[in-house]
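Student: Here is what each chain is made of, one letter per residue.
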Amino acid sequence: MDLIYGLLNCLTLNNLFYCFIGCMLGTLVGVLPGLGPASTIAILLPITTYLDPTGSIIMLSGLYYGAMYGGSTTSILVNIPGEAASVVTCMDGFQMTKQGRSGQALWVAAIGSFIAGTFGAILCSLLGPGIAKYALKFGPPEYVGLLLFSMTMLITLSASLMKGLLAGLAGMVLATVGMDPLTGAPRLHFGVVGMMRGLELVPVVVGLFGIGEILLAAEQGVQNIYRGKLGKMTPRGHDLKQGLLASIRGTMVGYFPGLIPGMLPALTAFMAYDIEKRVSKYPEKFGTGVIEGVAAPEAANNASAMAGFIPLMTLGIPTSASLAIILAALVMYGLEPGPALFLQNKQFVWTVIGSMYVGNLMLLVLNLPLVGLWARISLIPYKVLGPIILAVCFVGAYSPRNTMFDVWVALIFGIVGFVMKKKGWPLAPLILGFLLGDLFEVSLRQSLSMSGGSLSIFWSRPVAAVLIVCTVIFAVFTIKVLRRVPKELLVEEEKL
Amino acid sequence: MKTLLMEVFVAVFLGMISISEGIRLVIMKKLYKFDIFGPGFYNIGLGAVLTIISLAYFVSERKKALGAGGKAQASQPVGKSEYRKVISMVSVLIIYIILMYLTGYLFSTFVFFLMINRIAGFRSWLSIAGVTVLMTAAFYLLFVTWMGIIFPRGLLFNF
Chain A
94 MDLIYGLLNC
104 LTLNNLFYCF
114 IGCMLGTLVG
124 VLPGLGPAST
134 IAILLPITTY
144 LDPTGSIIML
154 SGLYYGAMYG
164 GSTTSILVNI
174 PGEAASVVTC
184 MDGFQMTKQG
194 RSGQALWVAA
204 IGSFIAGTFG
214 AILCSLLGPG
224 IAKYALKFGP
234 PEYVGLLLFS
244 MTMLITLSAS
254 LMKGLLAGLA
264 GMVLATVGMD
274 PLTGAPRLHF
284 GVVGMMRGLE
294 LVPVVVGLFG
304 IGEILLAAEQ
314 GVQNIYRGKL
324 GKMTPRGHDL
334 KQGLLASIRG
344 TMVGYFPGLI
354 PGMLPALTAF
364 MAYDIEKRVS
374 KYPEKFGTGV
384 IEGVAAPEAA
394 NNASAMAGFI
404 PLMTLGIPTS
414 ASLAIILAAL
424 VMYGLEPGPA
434 LFLQNKQFVW
444 TVIGSMYVGN
454 LMLLVLNLPL
464 VGLWARISLI
474 PYKVLGPIIL
484 AVCFVGAYSP
494 RNTMFDVWVA
504 LIFGIVGFVM
514 KKKGWPLAPL
524 ILGFLLGDLF
534 EVSLRQSLSM
544 SGGSLSIFWS
554 RPVAAVLIVC
564 TVIFAVFTIK
574 VLRRVPKELL
584 VEEEKL
Chain B
60 MKTLLMEVFV
70 AVFLGMISIS
80 EGIRLVIMKK
90 LYKFDIFGPG
100 FYNIGLGAVL
110 TIISLAYFVS
120 ERKKALGAGG
130 KAQASQPVGK
140 SEYRKVISMV
150 SVLIIYIILM
160 YLTGYLFSTF
170 VFFLMINRIA
180 GFRSWLSIAG
190 VTVLMTAAFY
200 LLFVTWMGII
210 FPRGLLFNF
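From first to last, the protein sequence lines are chains A and B.
Going left to right, the first sequence walks through residues 94 to 589 as the numbering used here numbers them.
Going left to right, the second sequence walks through residues 60 to 218 as the numbering used here numbers them.
Since the hints were made in silico from the structure, they are not lab data.
Zero decoy hints are in this set.
Each computed DSS-like pair below joins lysine-lysine, with the alpha-carbon atoms no more than 27 Å apart: (1) Lys122(B) to Lys515(A); (2) Lys144(B) to Lys514(A); (3) Lys122(B) to Lys514(A); (4) Lys123(B) to Lys515(A); (5) Lys61(B) to Lys514(A); (6) Lys144(B) to Lys516(A).
In this text, all values refer to a predicted model and were calculated from it rather than measured experimentally.
Produce the complete structure using the sequences and hints provided.
Tutor: Encoded structure:
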C-alpha cells in the first residue's frame, strides 16, 4: 500500500521532472570519462537546497544509479570506463565494438542494468521497512558498532589499506574542528572565527571532488572522442539467451554484497565477471568479445548501486562515496537518516523508492534509443565544462551558509584534492571519515558515559557485540577479496 | 623518498595537532565534568592512531622501496607548462574571491570567466568574450534572479 502511494506521489509532474533530470545527468556523468557521480552529486548538492527535499533526493538518487547505466557506454565504445564500476565491461565490451557488435553490447548492458535496477528497487521496498523497524531499538553502543562496521569501507576505498586508513583518520580529525557537539568546547579553531563554527561538509566535498578534479583535468589535457558505428542493436538466439541469463546471475552476485559497506559496484562487477567466467562453458573466450562478459558486470554494478540504498535509508550507513554525499544531503534537509526515517518521513521514503522504479524505466528509454547521442556527448571538451564546473563549485561552497569563509575552505580543499589525486591518495575515505566522525564521537562518548567509562558496554549489549564481530569478519573478508582484485581496478576506483 | 617523507610529515603533523589540542582540552576538563570521556581524550586517541599508522606506513613503504632495489617511489614527471596551468587556475580563483568582496557577484563572475576561459584553452578573444557574456548571464539569471542567492555586496561598487 505504501509503495503504491509512493509510486503515485512520484508520478506528480514535479517529481517526474526531478527524476528525469537526475537520470539524464547520471547518464551524462556516466558517459563523460573523468567526471564521477560522487563529484557531480557534490557539485549539485548545494543547488538542491533550493528545491523540495523529496525532489532533490529523487534527482540525486537518479543521478547515482543513472551513472551506472551511462558508465558502460564509453567502456564499450572507446575502451574508457566512464565509471570505475564499468572498468570490467571494457574487457569484452570493447572487443565486441571491434567486431562491429557494439550495438548488441550496449543493448545487453542497458537491459542488464534495467533487470538489476528493478530487482534492487523491489527488494528495497520489501526489506527496507523490516530493517528500519528493528534498527529503531538501537542505542549509542549499537551505533558505535554500526559505525565501526561502515568504516570497514575505508579498506576498499583505496588501493592501499594504509592510505585509506590514514585518509579516513585525517577526515575524522577534520570533523573535530569547531564546537564539540556534546560540551560546546571549541576545538582546533586557531583563533579563526569561521573555524569555530566547524568545517561545513559541502565546501569540503565540493573542493576535494569538484575543484580538485578540474585542476587535475587542466593538467592532463582534453578528453578523447568516439567516431564509430553502432551496428545491429538487438542480440538474437544464443547471444540473447546468454545475455539475459548472465544479467540475472550478475544481479544476484551484485545485489547481496552491495548491502555491505565497502562492497563497491566496481568490486561486485569484478566478482560477477569472475563467477561468469567460472560457470561458462567457454571461459577461454572471455576477453575476446563474449556477451556474458558485458551483461554480468553491468547488472552487478547496478544491483550493488541499488542495494546501497537499503543501508543508507534504514541505518544511515553509506556504502559508497556517492551515497555518503546523498547521506549528507539528507542531513542537510533536516531528514534524520536511519530507522526513524521510515516512520517519521514515510511519504518521503516511499516516494523515493517509487522513483527508483520510474527512474529505471526512464533510463532504459534514455539508454536504448539515444545511445548514439550519448556516445557523441563524450566529445565535449574540458575547456567548456571546466569553467562552468568551477563557477558552480564556487556558488556551491558559498550558498549553504552564505559565507565567503566556506569559499576559501573549498579552494583550499580543492588544492588538497588535486595534490592527493596527483600523489595517488584516495579522497573517498577522507570524506567518509569526515562524515561519520562526528556521529562516531558522539555515540562513543555517550556509550562510555552510560557505562561509567567501561568498554564492557560494547560486549554486554548483544547487537553491538555482533556488529563489532561482524566488523572484524568483514574486514578480513574484504581484505581477502581485495587480494583477488587487480590493483589497476582499485586505482581506477580511486581516480573516479 | 621525498614524496614519502612529505606525506608522512603531513599525517604526523595532523596527528600531533590533534594530540596537542586534546591535551589542552583535558587540562580544561573541569569545565565539562558531566562528560566522563570529554572531547580531549577523543582527539588524543585519534591523533595517536593517526601518528602510529603514519609511521607504520613509512616503514612499510620504505621496505617496499628497498625490496625493489633501493629505488624510492618514482613520481610522475610533470611539465612546467602543465603546472603553470594549474597555478593560473588557482590564482584566478583567488582573484575571483577577492574581487567578489570588492565588486559584487556580476562583475567578478564576468572577470572570472574571461580569465578562466583563456586558461582553459579558448584561443580567440572574440570567442572568449562571447562565451564569457553567455556564461555570466546564465549564472546571474540562474543563481541570483531565479534562486535568489544573496552574494556579498562589493566594497568599491556592487554589480
